Amino acid sequence: MVHNLITNQASAREYSLSSAVDGIAPPDDFLGFGLGLRTDHFQDVLSTKPDLDWFEVVSENFMVDGGKPKHYLHAIRELYPMVMHGVSLSIGSTDPLNMQYLRQLKVLVNELQPQWISDHLCWTGVNQTNSHDLLPLPYNEEALNHVCDRVDQVQNFLGRPILLENLSSYITYKESEMSEWDFFNKVARRSGCNILLDINNIYVSARNHEFDPQDYLEGIDKNKVKQFHLAGHTDYGNYVIDTHDHPVADPVWALYKQALKRFGWVSTMIERDDNIPPLVELLAEVETARNIAYDTLGQLERVKQREIVT
Amino acid sequence: MDKLPLASLQQKLINYLVDDDPTVTTDIMEQIKDHGSITRDVRLHIYKNAYQVRLKETIENDHEMLGFFLGDDLFDQMVLGYINAYPSDNTSLRYFADKLPLFLANTAPFKDHPIISELAHFERLLMVAFDAADATRFTRDLLANTPPEQWPDLVFRFHPSVQLAHFHYNSVETWQALKQEQSPEPAKEQHSDWLLWRNNDRLTQFRSLPEQEYNLITMILNGASFTALCDLLLEEVTEEQASQVALNYLLRWLDDGILIKQAFIQQ
Numbered sequence: 001m002v003h004n005l006i007t008n009q010a011s012a013r014e015y016s017l018s019s020a021v022d023g024i025a026p027p028d029d030f031l032g033f034g035l036g037l038r039t040d041h042f043q044d045v046l047s048t049k050p051d052l053d054w055f056e057v058v059s060e061n062f063m064v065d066g067g068k069p070k071h072y073l074h075a076i077r078e079l080y081p082m083v084m085h086g087v088s089l090s091i092g093s094t095d096p097l098n099m100q101y102l103r104q105l106k107v108l109v110n111e112l113q114p115q116w117i118s119d120h121l122c123w124t125g126v127n128q129t130n131s132h133d134l135l136p137l138p139y140n141e142e143a144l145n146h147v148c149d150r151v152d153q154v155q156n157f158l159g160r161p162i163l164l165e166n167l168s169s170y171i172t173y174k175e176s177e178m179s180e181w182d183f184f185n186k187v188a189r190r191s192g193c194n195i196l197l198d199i200n201n202i203y204v205s206a207r208n209h210e211f212d213p214q215d216y217l218e219g220i221d222k223n224k225v226k227q228f229h230l231a232g233h234t235d236y237g238n239y240v241i242d243t244h245d246h247p248v249a250d251p252v253w254a255l256y257k258q259a260l261k262r263f264g265w266v267s268t269m270i271e272r273d274d275n276i277p278p279l280v281e282l283l284a285e286v287e288t289a290r291n292i293a294y295d296t297l298g299q300l301e302r303v304k305q306r307e308i309v310t
Numbered sequence: 311m312d313k314l315p316l317a318s319l320q321q322k323l324i325n326y327l328v329d330d331d332p333t334v335t336t337d338i339m340e341q342i343k344d345h346g347s348i349t350r351d352v353r354l355h356i357y358k359n360a361y362q363v364r365l366k367e368t369i370e371n372d373h374e375m376l377g378f379f380l381g382d383d384l385f386d387q388m389v390l391g392y393i394n395a396y397p398s399d400n401t402s403l404r405y406f407a408d409k410l411p412l413f414l415a416n417t418a419p420f421k422d423h424p425i426i427s428e429l430a431h432f433e434r435l436l437m438v439a440f441d442a443a444d445a446t447r448f449t450r451d452l453l454a455n456t457p458p459e460q461w462p463d464l465v466f467r468f469h470p471s472v473q474l475a476h477f478h479y480n481s482v483e484t485w486q487a488l489k490q491e492q493s494p495e496p497a498k499e500q501h502s503d504w505l506l507w508r509n510n511d512r513l514t515q516f517r518s519l520p521e522q523e524y525n526l527i528t529m530i531l532n533g534a535s536f537t538a539l540c541d542l543l544l545e546e547v548t549e550e551q552a553s554q555v556a557l558n559y560l561l562r563w564l565d566d567g568i569l570i571k572q573a574f575i576q577q
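The listed protein sequences derive, respectively, from chains E and G.
Sequential numbering of the first sequence, starting at 1, is according to the numbering used here.
Sequential numbering of the second sequence, starting at 311, is according to the numbering used here.
Pulled out of the complex, with its shape left as it was, chain G reads as follows:
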């Protein structure tokens, strides 16, 4: 037999791990020495089993509430489908299931129930908030030390863990019910915006955003100054109320820990 290059041998073993086709199994089997008291088949299967179990455990750990929502059979079906559709191409398992929401949104039977994909999306956002970069927060003290004449031109910046999310179904409420070991209400269309972040105690936190606050945060993300926020509020409240409403939002954001120290001054 001609010598098999290392690259070909490695490709054959990987093919065997990711593909159930019998010819793929035969291909690698031919490269394995038959020795000792266990068969080549048993030997190879140890690797195949480990591959599948490891990826399944990763999805189980990342998507605990989704698992409760689907139940064992559908969860296993999802895992098998996802592992086949998106073999891992990353060195870290942390990112293996990043495409799970996409998979669930486009694959039957899951795509027929969009709340399933939304649940997966929510759980992945929580993970992003959990291990996003650290940054020194903007605080009430720092704000108090900012010269009043600079306030109107301040442009706030968000902590790297901050995520905005829009859901079309009662997905977050469903997730919360499952987390509290309660039966969720039936899935229903319900548009809502959510803010997710890691708080001052390094705990992942989330809350729903009223439309007004969502609009303000979106404006900040687009580079708007504090004055511009007040101008937006003027469309909804009186001039006397506007600055107080804006200040209340700002204080809440500072207490939540979603703003960082490096606010900048609009030129």
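With the rest of the complex left out, here is chain E:
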């Protein structure tokens, strides 16, 4: 158990399979079922203390010096385990790594002591211009070498492995020489990073590029996946956009079930970024995820309630 001398922080719950089920026990680093923490819900979380296993926070939202957001963040960290999810690492950019950003990230890591830190397998800008979007890489040897080299630098700087997430994409470059999942696997194996698999993004990209999402799941290394994201999208008929402003769609729930069958127990969370509904609605989606996982892999019991260690 983590012993934190700076401030009270919640430790993760421990789960085991209930004796009635003949299944596979979750791995030690399994966090359970969580939610993306959003400013709209700060007060509700603190006043209702929902029965939730963990929160994911967007790192950049808290790279400020102080004030209300940080105050709430630390108060909530006392109650729940957290993981940090970034959008600005730009691991695939040909600009030099942004050391100022990495230093800010490390400060936040020290404050929050997250279970893990993630960002995306993408680039966000080049030559001092930031698109604030997750832009796809060409999947070829040059990009592979470039990304692996940078993941190595980031992991050395942070002193721990990171997780990278697959993105939703709308274009394929002529320079691409392999599938995204092949590229993703090679990055993870060679650099030692782990994988955050966004089930919705697989669905969105599969629709936009007309591949079978099952091929993606089958193509990803079983041992590398540490977290799932579930989110909503907007369907325009001919194509799908990853808007994160709707509830999780039925085909994504179905794909989640397939992912559970392939990867087993993986820490899962609901990610809503826009059109934020009341907290209870998102908690209901977390319960849906939990129920699908229990139906697919067996019932879990909490061995121990979360403890606050001092």
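Just so you know, these hints were derived from the structure itself, not from any lab.
Computed from a predicted model, the values in this text were never measured in an experiment.
Glycine included, C-beta positions come from ideal geometry on N, C-alpha and C.
Take the hints with a grain of salt, since some may be wrong.
Stated by the list, open to error - In silico lysine-lysine, DSSO-like type, Cα no more than 27 angstroms apart, as pairs:
no., chain 1, residue 1, chain 2, residue 2
1, G, K358, E, K174
2, G, K409, E, K70
3, E, K174, G, K322
4, G, K366, G, K409
5, E, K174, G, K313
Stated by the list, open to error - What follows is a set of in silico ranges between Cβ atoms, one per label pair, in the way DEER data are often shown:
no., chain 1, residue 1, chain 2, residue 2, range
6, G, L542, E, R160, 52 to 62 angstroms
7, G, H476, E, G192, 49 to 59 angstroms
8, E, P161, G, H345, 28 to 38 angstroms
9, E, Q100, G, L384, 29 to 39 angstroms
10, G, L452, E, A75, 17 to 27 angstroms
11, G, D383, E, G192, 52 to 62 angstroms
12, G, L557, E, R160, 45 to 55 angstroms
13, G, L542, E, P161, 55 to 65 angstroms
14, E, P161, G, Q522, 52 to 62 angstroms
15, G, A395, E, Y236, 25 to 35 angstroms
16, E, N275, G, D351, 19 to 29 angstroms
17, G, A418, E, Q258, 56 to 66 angstroms
Claimed, not checked - If you want the footprint, here are the derived chain E segments under chain G, 3+ residues with CB under 8 angstroms:
no., region
18, 65–77
19, 94–104
20, 127–136
21, 140–146
22, 164–178
23, 207–216
24, 234–243
Knowing the structure of chain E, use the given hints to seat chain G on it.
Quick look at chain G alone, frame taken from chain E:
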């Protein structure tokens, strides 16, 4: 076709996002595979649209009252002009519109109405006050525990959220009227000084500063001791009144929460 280095490919896509020139579009289009049931044009446009919408939403969130003041058409014109003039160079959208007051002060038609730039400036100062660093405040209790012989040499320090601002127009009054969903008075020249900060309840607060208080705060920012503040007041009030007036200011500042615990003693 020769292999295109990764850096060149990335530059082409960024060029496409920030520039409407047709040759820039052709440049990136040539690098995109034509496949499936939607065209390359539609595929690329998803990124361009997302780029513009994201930056526009950022300015809308940061500058709500400015948006009401300008109305939709002028606001859209401002957004387009600003996005083109100052593409984001920061990892956080929090700072994307930092140069908006500068842009509005120097770009037609906005520069012809200086109150527009001042409104933007005021809203950015509120943001600075909102998420500036935390610090333990100086309180009445702490003051009471300070030995009386140290008082004259005390040099107060401000909370990191404290901002001083000077406006040449009735900008803050206009902002307040818009916030209360009322029609603001016509823009007029009106010099005023304002204090903005985050209070003890972590709420952003502001008030206008009378000239005397503005001068005292400016002196503190320049390192003046409590005695020096009293000396300044002596130019305006009697000796008996000076220490009481200074104490009243000090108590107000403590109650406002604008001073921090680490006052220091002038050597």
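Within the region 127–136 of chain E, is the number of residues with a Cβ closer than 8 angstroms to a Cβ of chain G three or more?
-> Since three or more residues must qualify, the claim that chain G covers the region 127–136 of chain E holds, with 8 doing so at under 8 angstroms.
Within the assertion that chain G covers the region 65–77 of chain E, do at least three residues meet a Cβ-to-Cβ distance smaller than 8 angstroms?
-> holds (count 7)
Verify the coverage statement for the region 207–216 of chain E against chain G, using a C-beta to C-beta distance below 8 angstroms and requiring 3 or more qualifying residues.
-> With 3 residues in contact (Cβ-Cβ under 8 angstroms with chain G), the coverage given for the region 207–216 of chain E holds.
Per the coverage rule (Cβ-Cβ under 8 angstroms, at least three residues), is the region 164–178 of chain E covered by chain G?
-> It holds: at least three residues are needed, and the region 164–178 of chain E offers 7 whose Cβ sits within less than 8 angstroms of chain G.
Look at the Cβ atoms of L542 of chain G and R160 of chain E and judge whether their distance stays inside 52 to 62 angstroms.
-> 55 angstroms, holds
Verdict on chain G covering the region 140–146 of chain E, where coverage means 3 or more residues with a C-beta closer than 8 angstroms | Coverage by chain G holds here, the residue count being 3 at a Cβ distance below 8 angstroms.
Compare the distance between the alpha carbons of K409 of chain G and K70 of chain E with 27 angstroms, and conclude whether the hinted pair is satisfied.
-> 25 angstroms, holds
Coverage of the region 234–243 of chain E by chain G, judged on three or more residues with CB within 8 angstroms | Three-residue rule met by the region 234–243 of chain E, so holds; n is 3.
Given the proposed pairing of K366 of chain G with K409 of chain G, does the C-alpha separation stay at or below 27 angstroms?
-> At roughly 14 angstroms apart (the allowed maximum being 27 angstroms), K409 of chain G and K366 of chain G satisfy the hint.
Taking the CB of A418 of chain G and the CB of Q258 of chain E, does the distance hold inside 56 to 66 angstroms?
-> 58 angstroms, holds
Does the hinted range 28 to 38 angstroms hold for P161 of chain E and H345 of chain G at CB?
-> The hint (28 to 38 angstroms, Cβ to Cβ) holds, given that P161 of chain E and H345 of chain G are roughly 34 angstroms apart.
At a Cβ distance under 8 angstroms, does chain G reach at least three residues of the region 94–104 of chain E?
-> holds (count 3)
Of the numbered hints stated above, none is contradicted by the structure.
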